[in-house]
Each structure stands twice: as C-alpha cells, then as structure tokens.
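All chains, please: the whole structure from these sequences, using the hints.
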Amino acid sequence: MNLQNITLVSFGYFEKDFLEKIAEAVKNEFRCPVSIKEGHIDLSDFYDPARRQYNGNTLLKQVDSLSFPGSAKTLGLFNVDLFIPILTFIFGQAFLGGQTAIASLHRFSNEHYGMISDDRFLLDRSRKEVIHELGHTLGLIHCHTPTCVMRSSTYVEDIDQKDQHLCSNCRANLEL
Amino acid sequence: MAKKISILIVDDEESVRDSLLNWFIEDGFRVECAENAKKALTMLESDQFDIILADIKMPGMDGLEMLKRIKSLKRDSIVIMMTAFATVDTAVKALKDGAFDYVTKPFDPDDLTHLIRNATKQISLADENESLKKKVISLENVEDLIGNSEAMKNVLREVESVAQTNSSVIITGESGTGKELVARAIHSNSPRKFFPFVSVHCGALTESLLESELFGHEKGAFTGAMYNRKGRFEMADSGSIFLDEIATISTKMQVELLRVLESKTFIRVGGNKEISSDFRVICATNKDLKSMVEKGTFREDLFYRLNVVNIHIPPLRERIEDIPLLVDYFINKYCTSMNRAPVAIDQSALKRLQEFNFPGNIRELENMIERAIVVGNGKKIGLKDLPLEKTMVNPAAESLDDFEKSFIQQILDKYGWNISRAAKALKVDRVTLYHKIKKYDLKPADQ
Chain Z
-10 MNLQNITLVS FGYFEKDFLE KIAEAVKNEF RCPVSIKEGH IDLSDFYDPA
40 RRQYNGNTLL KQVDSLSFPG SAKTLGLFNV DLFIPILTFI FGQAFLGGQT
90 AIASLHRFSN EHYGMISDDR FLLDRSRKEV IHELGHTLGL IHCHTPTCVM
140 RSSTYVEDID QKDQHLCSNC RANLEL
Chain L
457 MAKKISILIV DDEESVRDSL LNWFIEDGFR VECAENAKKA LTMLESDQFD
507 IILADIKMPG MDGLEMLKRI KSLKRDSIVI MMTAFATVDT AVKALKDGAF
557 DYVTKPFDPD DLTHLIRNAT KQISLADENE SLKKKVISLE NVEDLIGNSE
607 AMKNVLREVE SVAQTNSSVI ITGESGTGKE LVARAIHSNS PRKFFPFVSV
657 HCGALTESLL ESELFGHEKG AFTGAMYNRK GRFEMADSGS IFLDEIATIS
707 TKMQVELLRV LESKTFIRVG GNKEISSDFR VICATNKDLK SMVEKGTFRE
757 DLFYRLNVVN IHIPPLRERI EDIPLLVDYF INKYCTSMNR APVAIDQSAL
807 KRLQEFNFPG NIRELENMIE RAIVVGNGKK IGLKDLPLEK TMVNPAAESL
857 DDFEKSFIQQ ILDKYGWNIS RAAKALKVDR VTLYHKIKKY DLKPADQ
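These protein sequence lines map, in sequence, to chains Z and L.
Sequential numbering from -10 applies to the first sequence in the working numbering.
Sequential numbering from 457 applies to the second sequence in the working numbering.
Calculated directly from the structure, the hints in this document are not laboratory data.
Any given hint could turn out to be false.
Some chain L residues near chain Z, calculated using beta-carbon distances under 8 Å [to be verified]:
hint, residue
1, Tyr558
2, Pro562
3, Pro565
From the three backbone atoms N, C-alpha and C, an ideal C-beta is built for every residue, glycine too.
This is the structure we're talking about:
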C-alpha cells in the first residue's frame, strides 16, 4: 500500500501534544505522512435535543464534504457524544473503503464512567479508535483476532483489551 | 471458508437503513436495504437472506404482516423485529408469529452485536442440522437392500411406492431375509424419516413384558416398576413402529393391539391417563398369517388391519443371482469394519455358495463371510474358509442314507481324507468309517 497522506482534523479543543501522539501512532501503523489540521463546524446543526447527542451519520457526511487538499484519508476528531439513529451511542464511524472517518473522545475518559481521571487511558483508547476507523477507510472490516485493533469494540473495556496495532492478517490485507 | 451471512434491512427511515448498513458492512456481512415491506418481499423472491431486520411501523404493509408473509414463504427465516414504540402486546404478537427476536430502537451497540451473534449461531446450527440429516438419509438408504434379481427389484419398487403412504405394511419372508432392513427402508423413505423408527421383537417378550414394553408403565404398576416408563408406541410418535414376529403375540395382545391401531390411543400399564401417539405400523413375520387366521390362532380383524400392504421377500435360494453381489457387499462391510484390505473370493467357493440351500438366508451368508474374513488368510476366501459342511440341512438328502452319505463326505473333505481325524470327528472307529466309504462309494472331492 502506498498511502500519500492522512489528515487528522480536530473539531473542538485538543491539546497539541495529545494530537501529535495520536498522529505519531497513526504514522507508525500505516507508514505514511500524517498531518494535523483544525476544522470548524457548527455542531448545533447536528445536535438532537431529544437524545442530547450529536448525529454521527450527518457529521460524517459533513466532514466528507469538506475539502482537505492532498489528503488521501481524513479523520475528524470530536469531543461530543455521537449517536446513529439505531444505536444508543457510537465511538466513531467511517465510510468503508472511502475517504472519511470520524471518532469522538467523549466516552474515552475514565471520568465518564465515574472513575479517577487517567490521561494514559484517554490517549490509549483514542489512538486505538482513530487507527480502527482509518482501517475501515482503507477497506478493512472487523477482525476476529482478539488483540487486533480492527476487532469490533462496543465498550471501552473492549478497547482496553485489544492492542493498538493491526494483526498480521490485516497488515497483509493492506500490503503493509 | 465460513459462509458470508446476508442481512436484509427493512425500514422506512433512511437514516436507520444507512446506520445499520454501515454497521453491518464493517462486520463483513452482505447487506441490502428495502424502504418498505412490498419491496422487501419482492427482493426475497429473487434473493436469499439469512437474517431480516424489519421495522414494525411502516407505511403500507406493516412489519407484522410482512413477517407472516415471509414465514409463509420460508418457515425457518430469521426475522428480527424492531420498533421505536415498544409494547408488550406487539412483542408477544411478533414472537408468536415466529419472529426470532424483538428489539426497541435505539439499541445498545453491544445488544446489536449479541443479537446478530445469536442469529448467526442459529443459522450455523440449522446448517449443521441439515448436513446431519443428509448423513442420516445416506445411512438409511434403500441401497442397503442388495440385489439385482427381478424378485429384489420388485421388493424395491414396492418399498418405494408404499413409503410415501401411511398404510400398515406386513413384510413376510423366511428368517434372515432382511425384513427389518425393508422396514427401515420404508421408514427412511417416508415423510416420517426424521422421527423415530422403533423396533420391537414381539417373539422375545412374554405377554406381560410385551404389554409394558408397548404401552409403557407407571411407577409401581408391578414389582420392579420403579419409574414411569414410556412405551414403544409413545416413543414412535410421528415415526414408525416395527413389530417383528407379530404372529407370536397372544390372543389378549392381539385384542389390545387392534384397539390401539384403531384409536391410536392407549393407557400405560398401571396408569389411567389416555395417551395418543401418531405412528405408522410395519409388521414382519415368517409365518403364514392367513392360514393362522383360518385356524383361528390369529384374529381376522387384526390381520386385515395390518395387512393393508404385503411385501414378500423371497428366500436367498430363490435369487441365487444376488449371491455374488451380497458376498461383495459383506466382504467390503467387514473388511472396512475390521480395518483390513479387501479380500477376493475363490470362484469355486462362490459357486458352492450359489449351490447352497441357506436355510438361514442372508443372515447365514453374512455370518459365513464374516467368519471367513476372520479365519481366512487375508488374501482370498477359499472353500476351506466357508463352514458349509457344518449345516446339517441338505436339500438333496431325501433319505437317511442320502444324508449320511453327504455328511460323511463333508467331514472327510474337511479333514483332507485323514481317516483317523475324520473318524474321531464322526465319533466312530476307523473300520466303521472305511465300511461307510465303501458302502457309499465315497471319493475325495478333487477326484
């Protein structure tokens, strides 16, 4: 696989150091340049007052419609609670084999689950989710290898269980 | 490679369809969508889907009506109903109408994962069940009835035509002709093939034991009845019951049996509750039931109730052209089960088998071949490996002298004309044996 460039676009406030650590992990995993950009979307258009959450489907389409020159794959990073109409929440989603993905850090902090804050968990979960969604944009489907980052995760505990790397099969599928 | 599961999503809301489509595609499923029930039913006519996820509230035909139509097309379809307005009534109705599960929108991602995992497990169990059924069919095939003779072809034709009906059958034929095999072939080719085939050897049981065996008994019905026990008629529900040696049952049992056959209901021994069972009766006998009816030893009404169809299996001596086929079949069977290389049979041995009377019919031939494989040299079955001389019945013997001549000849051949060993086997002295050889002008077989 010869990927030109991946762009991480932050929609909301994230510390520079935090974004760079994620970008570094993405770069190492997919062996391609990763750039960080800042994006602006009026999130109120995507807010569902009945659910008090943000619609992931429409947000994904919105990010996809934005232009990021030179970017082969784009991932929009959010810090709001995402949902899709059929599910109570999602961590992120992507166009399978497409160009765009989104991920939210909202449910990755320990505080969200009433636990003591620990930034290491937040960073670790965020890295895995970003790589997972970008994997979908590269055409990877969910993997059954327990430690593979492409394994389906519906709870943060599932994310904690898996590794931040692709398994050998998924790597082979991407010809990495 | 694992089969790719296909999912059809039926929902009038585009956002729901898109959400589910994206979710399932990421899991590697083949996914299609339909915006209404009518389109879904059209798609189902031309395509197969393993799982159908359908909304209950849709304009036009609703999900519950669609569920009924899908079930009428394919009874084992897995349909999961979704609704945003859950009520106990609709949930109960959906499940009663055959829905696999019922979920309320929006659902937890983990619930959706579990739901699909359960459905795929159900699909793989159904597939496994189907393949096991196919294996059972191949085990119980009519091909187990070996024979190319016109007589056997007639039997096979009768088996095939009677199998599809529910009629009672009496199979007649000498002992060892394969009456139970024919009964199994009728069962395994009938619509009842996936239900039990229950075999009862009436001749082996006393009247009271047979009664308890057929009808079952309640705890304490008699000494030793420590538990409730189902009878064979109960076990054969939806299947077939095979009553072997039906001619041996007592007059009292004949009355009981007639009543059960007419009402398909019975009461367990010591019980008072009437039990009903839907079974097909196949009987077998080596006796002439009609003459027993004439003599008054078998009830005429029971005879006519059982004898709706009669299949007669000819004895082996009347279809000697089947012997080479049967020999090959038994050689293969026993060499495989004993994990030995297939053996051949000597032409003279085969010829001798075709000349033999076989009072024990196919069972006797099978035992002979099994013995020959066990005691033989592992390469070829020869005359010496076949215990033909041990059979005391000789069709050619019309007098005691004929029988004595034939018997002494067989013993002498067996011991290679060693007079001392043959005399010892016959329990006579050597002089007597010489006298007999001279009297009957006996000579070694190869002279």
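Hints, verified against the model:
no. : hint   : result
1   : Tyr558 : violated, 15 Å
2   : Pro562 : holds, 5 Å
3   : Pro565 : holds, 4 Å
In the structure shown, a violation is registered for the earlier hint numbered 1 alone.
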